[in-house]
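K.L.:
Dock chain B against chain A, hints included.
Here is what each chain is made of, one letter per residue.
Number of protein chains: 2
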Amino acid sequence: MPTIVVEVMPKAELLDPQGKAVAGALGRLGKSQFTGVRVGKRFEITIDGPADAAALADIAQLADTVLSNSVIEDVVGIHVVGTAEAVN
Amino acid sequence: MPTIVVEVMPKAELLDPQGKAVAGALGRLGKSQFTGVRVGKRFEITIDGPADAAALADIAQLADTVLSNSVIEDVVGIHVVGTAEAVN
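From first to last, the protein sequence lines stand for chains A and B.
Read in order, the letters of the first sequence correspond to residues 901 to 988 in the working numbering.
Read in order, the letters of the second sequence correspond to residues 901 to 988 in the working numbering.
Chain A extracted, bound-state conformation (with noise of 0.2 Å):
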């Protein structure tokens, strides 16, 4: 069965305080190379059926209002990955 990632990461313009707290660590760890971290959410849902147009609208239509909140997150990504991960 195929697999949709959608990604999704806080506004550019929105503090982030989960990638704050881990460029803190990084800075601390001694990798201060590493100047900013942002933390966002990746979901890879499976579907019952072909990745097609319809399954693909339906999906972004759910991203935008179940999985992300838009008020400080964006979809930044909607991508088929074939049958990578299935349960084997």
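By construction, these hints were calculated from the structure, which means they are not laboratory data.
Errors might be hidden in some of the hints.
One copy or two, it doesn't matter: identical chains are merged, so the pair holds either way.
To be verified - Calculated lysine to aspartate or glutamate pairs in the EDC-like style (CA-CA distance at most 20 Å, straight line):
id, residue 1, residue 2
1, 931, 958
2, 941, 973
3, 931, 964
4, 941, 974
5, 931, 948
6, 911, 964
7, 941, 916
8, 931, 952
9, 920, 974
10, 920, 958
11, 941, 958
12, 911, 973
P.N.:
The following block gives chain B in isolation, referenced to the frame of chain A:
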């Protein structure tokens, strides 16, 4: 400045309660063709310097030790995405 994306997902053989909750919500919305959802994390890390092999090796090591919990999560992808979504 280049940005490196690190993708972390819960291990396939473990239960992902957050993904189960999303899958349930999609089912209640009538989108029962989406049979499985897993929710992972997506880190965008900005580097002050080139995204060369040394930086990627550093990130790969940090991804395994700091950005993911190897008991329950797998690092599924590390890639460079130019200056996308940098501060405008």
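K.L.:
Against which earlier hints does the structure fall short, listed by number upward?
P.N.:
Violated hints: none; all satisfied.
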